[in-house]
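Undergrad: Combine both chains into one complex, guided by the hints.
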Amino acid sequence: MKQRMTTLANALGVFAALLLIWQLVLGIFHVPPYMLPSPAAVARAVGNRFPTLITSSAITAEESLGGLLASIIFGVVIALVFAQSRWIRRMLYPYTLLLQTVPIVAVAPLILMWVGSGIPAVTLIAFIISLAPIIANTTQGLISVDENLVQLFLMHSASPAQLLFKLRLPHAVPSLFVGIRIASGIAVIGAITGELYAGSSRVGQGGLGYSILYASSQLQTDYLFALVLAATVLGFSFFFLVMFLEWYFLHKWHESARAPETA
Amino acid sequence: MSENRVAPQIEFAGVSKRYSNTGMVLQGIDLTILKGEFVSVIGPSGCGKSTVLKLISGLTAPSAGAIRVDGMAPKDARETVSYIFQDATLLPWRPVEENVGLGLELEGASKARRHEKTAALLKFVGLEHVAKAYPRELSGGMKMRVSIARALATSPKLLLMDEPFGALDEMSRDRLNEEVLRLHAEQDWTGVFVTHSVEEAVFLSTRIVVLAPHPGRIHAIFAVDLPEPRTAALREEPVFGKMIAEVSHSLRNAMTQ
Chain C
278 MKQRMTTLAN ALGVFAALLL IWQLVLGIFH VPPYMLPSPA AVARAVGNRF
328 PTLITSSAIT AEESLGGLLA SIIFGVVIAL VFAQSRWIRR MLYPYTLLLQ
378 TVPIVAVAPL ILMWVGSGIP AVTLIAFIIS LAPIIANTTQ GLISVDENLV
428 QLFLMHSASP AQLLFKLRLP HAVPSLFVGI RIASGIAVIG AITGELYAGS
478 SRVGQGGLGY SILYASSQLQ TDYLFALVLA ATVLGFSFFF LVMFLEWYFL
528 HKWHESARAP ETA
Chain Z
160 MSENRVAPQI EFAGVSKRYS NTGMVLQGID LTILKGEFVS VIGPSGCGKS
210 TVLKLISGLT APSAGAIRVD GMAPKDARET VSYIFQDATL LPWRPVEENV
260 GLGLELEGAS KARRHEKTAA LLKFVGLEHV AKAYPRELSG GMKMRVSIAR
310 ALATSPKLLL MDEPFGALDE MSRDRLNEEV LRLHAEQDWT GVFVTHSVEE
360 AVFLSTRIVV LAPHPGRIHA IFAVDLPEPR TAALREEPVF GKMIAEVSHS
410 LRNAMTQ
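So the protein lines, in turn, are chains C and Z.
Residue 298 in our numbering sits at position 21 of the first sequence, and the numbers go up by one each step.
Residue 249 in our numbering sits at position 90 of the second sequence, and the numbers go up by one each step.
Isolated chain Z (complex conformation) (with noise of 0.2 Å):
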């Protein structure tokens, strides 16, 4: 993973995005995400963090200034690149394991490699119980799971989450947070996570960027430098709540600049 680092996953170049309607949304975004790197995008409502996902992803083209994915046009790295949103946004009349394997079935995978794909990551995430079960018969976190089970089924290069576990209690959001660093450590990707937790960007992050708002633009960025690999205790340690209580401040200051 290391010698990888060296490389641009993502390049922003004074990006700005204007909405016609709300107005300018992001302004002169210059931002390099290193391959391998989990970054999280963290800021008070109003400041452009879903935005900055959807003009990754090519879902958005930006007003002015360059993306680049992977070296290309962010639409043509689609193949590569996985959503997770904050809802599990699974489809309810599909059973979970059909659920996991919708995105390798829209690009034409064989069923075969669907099945074996789908059964290892659900082995993966600890869900290989429910496969036949529909998304209404699970939990909340059990959802969240099966989306992210779903986003990895296409092998991405590059995932994009947005807020996922925003709507979820507290216990489930931890188990989830330790569960992707996992999944981070074992697979070979590059994150890009929305919150508005400092704790879970700290607890996940290589590096934080923080957003001020109106319009949405860089305030600051945090190397995390924290020991890894990360687990449950590291909650407890001082250094965590160290960094906490930095990206705090500096979020306080985005918000009333």
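This is chain C alone, in the form it adopts within the complex (with noise of 0.2 Å):
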């Protein structure tokens, strides 16, 4: 408890000193405020736009947890398949990669051509690119049970369904939770992206990539600033409910998520 008492005193400290930096930067070079605003615009700006911010934050908010819910979804299902065989790891392994690779700034605007813009359309950008992780995560965890385990479990004459309920899913749900604590990071980053492109189907309501988008446009850097601040705390707060999950899941039986705090 005192160490983390520390680490918070510390953390703050740090983003204090960077808070007095900031302002000297601006003291000292006159930096007009449409390049750098001041920390008191920037906390203006949000107190100002504060529903809209909620508004976009809960509208990318909506995009990431669909997109990550259908990628654990579809990626649970890919890994099952995955994990039946050897040869179809081989076979299929490498359009995992392809998941990864595909610079996702590239493909935005053709999922667009196809799909039209809006919610959907960023939603199944922040799927693609959320996908691989899972899938890579859960295969492993699926095909690395004890050998003696699967063997002790034939012994008594388990049917596939039990070898697979049984052993396999449960020994690969921490090895899920670390695909899906990864994904979650970068379905937030993807929907934003895919925000950029796909942008609102309605004037004046869209998520943050989108805002974004509209305030550099109209040279507003104080609620771009704001907006920033508002992805940061949206993409904390999916990494803190990812935690909290895998230890609500874990703690009684996994090394892995004794303590959060430390991971």
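No lab work stands behind these hints, which were simulated from the structure alone.
Keep in mind that this is a model prediction, so the values were computed, not measured.
Don't take every hint at face value.
With a straight-line Cα cutoff of 16 Å, these simulated EDC-like cross-link-like pairs (lysine to aspartate or glutamate) come out [unchecked claim]:
1. Z:K194 to Z:D229
2. Z:K213 to Z:E322
3. Z:K194 to Z:D347
4. Z:K316 to Z:E196
5. Z:K213 to Z:E238
6. Z:K291 to Z:E275
7. Z:K194 to Z:E170
8. C:K443 to Z:E264
9. Z:K213 to C:E424
10. C:K443 to Z:E266
11. C:K529 to Z:E296
12. Z:K282 to Z:E345
13. Z:K194 to Z:E345
14. C:K529 to Z:E257
15. Z:K234 to Z:E170
16. C:K443 to Z:E257
17. Z:K401 to Z:E358
18. Z:K213 to Z:E170
TA: Okay, here's the thing in structure tokens:
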């Protein structure tokens, strides 16, 4: 507990120092506000635009969450297929790498063309970008079961369904969570990137990415900073939500979930 | 028990096992293990000790020869066989009692029966106080005890043990050896025990099979004629040390042959 307080105090100290340097830079170099607004101006923008910030964050959160849930569902199903045989993995695994390496910025316009702009398109982008880590980690979890345990199950004439639901799937849950942790971060990034292209089907009502485009085109730099802040908060919330769920499901039996604060 | 000993539990007739990548692992094994016996299989690494157990359990098939377990093909006898591995191989996401009940659960036993059997066995191995604990919270010796309880839960007629105490410290190992002896005396099963500790083999067994390596084959078979019931005090008796020396000598010969 005491250690955690110290960590918190240190983090706040760094934050204060950064604000100070920021303010000093402004004073010394006379930077115009449209290039770099003062911390106070950003704080004001957060205050004035609070309802819009919340709305934008909510839209982005909806898209990221939708994309993430879809990649968890599809990712686990695909991993179950992959876990069936080495041969299937050899044949199909390169395509999951493709998922990971294809620049989403380049694919986004295509998806827009196919799906039309708006929340479904952005959700789809968040889904595509967050799918690979779920597949990779869950597959690893499913196939890394102790061979002796498989033998033990076979000795008791376990059915394929028992092997799957009583052995492979529970064994894969910690790995699945590793995948979800990675995917949750990039789902948010994917949603914001997607919004830069897909924007909004209703004028003036878009997610964070859309609002970032709008703010930058209007040279409302203080608002832009406020949006970046909101995006960071959203990313953090996702991360902590996943950490909490991981702790909730695993702390009773799995070592990695013992102490979330040190992870 | 004594009248049971006449009937064979396991019969090996000219059994050989060849793996495509490591070549001949076992060659020409002829061995009969009677009901109620406790037989240890000992030998240097690479002599196919574990393969003997895999063959008995039907997890792998012999390349030549025939194996009968309780008069049946090993696969058909599986229901009456339990396996204990070197690691406790517990399911970490299940509390101790659900680990002990695993075999019964897989075989479709009712919840009431599972509960009854599990409680009795946990008491039997002195672990009733950790029934709700998760494996992570247990010491190595306790985990192994849970593993033993799990193996006994399905009331096996044959217990296969693959170096079950190899990873434990000597104190825990000695204590568990005494426990296994007690279980064997009180219950009605045949034991096949793979180890590379001569002392353990002598302490536990009615017979010891010494294997020679490359390819694995039977080098010698010892009948262990030590007084029963055996207790910790036996370890200090001269006959015990003499038996160990005898088996060790044979084991050395098997290695240099």
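Undergrad: So, for every hint listed, does it hold in this structure?
TA: Hint check:
A hinted pair counts as satisfied when its Cα atoms are at most 16 Å apart, and K194 (chain Z) with D229 (chain Z) qualifies at roughly 9 Å. Proposed proximity of K213 (chain Z) and E322 (chain Z) is supported: the alpha carbons are some 13 Å apart, at most 16 Å. With a C-alpha separation of about 9 Å, the suggested pair K194 (chain Z) and D347 (chain Z) falls inside the 16 Å cut-off, and the hint holds. Simply put, K316 (chain Z) and E196 (chain Z) have alpha-carbon atoms about 11 Å apart, close enough for the 16 Å limit, and the pair holds.
Note on K213 (chain Z) and E238 (chain Z): the hinted pairing holds, with a Cα-Cα distance of about 15 Å set against a maximum of 16 Å. Using a Cα cut-off of 16 Å, the hinted pair K291 (chain Z) and E275 (chain Z) holds, with the two alpha carbons roughly 15 Å apart. For a cut-off of 16 Å, the pair hint linking K194 (chain Z) to E170 (chain Z) stands: about 11 Å separates their Cα positions. For a cut-off of 16 Å, the pair hint linking K443 (chain C) to E264 (chain Z) stands: about 10 Å separates their Cα positions.
The straight-line distance between the Cα atoms of K213 (chain Z) and E424 (chain C) is roughly 13 Å, inside the 16 Å bound, and the hint therefore holds. For the suggested pair K443 (chain C) and E266 (chain Z), the alpha carbons sit about 13 Å apart, so the restraint of at most 16 Å is met. At roughly 10 Å between alpha-carbon atoms, K529 (chain C) and E296 (chain Z) fall within 16 Å of each other, so this suggested pair holds. Note on K282 (chain Z) and E345 (chain Z): the hinted pairing holds, with a Cα-Cα distance of about 14 Å set against a maximum of 16 Å.
Taking the CA atoms of K194 (chain Z) and E345 (chain Z), the gap is near 14 Å; set against the 16 Å cutoff, the hint holds. Restraint check for K529 (chain C) and E257 (chain Z): the C-alpha separation of about 14 Å stays at or below 16 Å, so the hint holds. Using a Cα cut-off of 16 Å, the hinted pair K234 (chain Z) and E170 (chain Z) holds, with the two alpha carbons roughly 14 Å apart. Only pairs whose Cα atoms come within 16 Å are accepted, and K443 (chain C) paired with E257 (chain Z) is accepted, the gap being roughly 11 Å.
Among the hinted pairs, K401 (chain Z) with E358 (chain Z) is consistent with the structure: their alpha-carbon atoms are about 11 Å apart, no more than 16 Å. For the proposed pair K213 (chain Z) and E170 (chain Z), the alpha carbon gap of about 14 Å is at most 16 Å, so the pair holds.
This entry satisfies every hint, going by the numbered hints stated previously.
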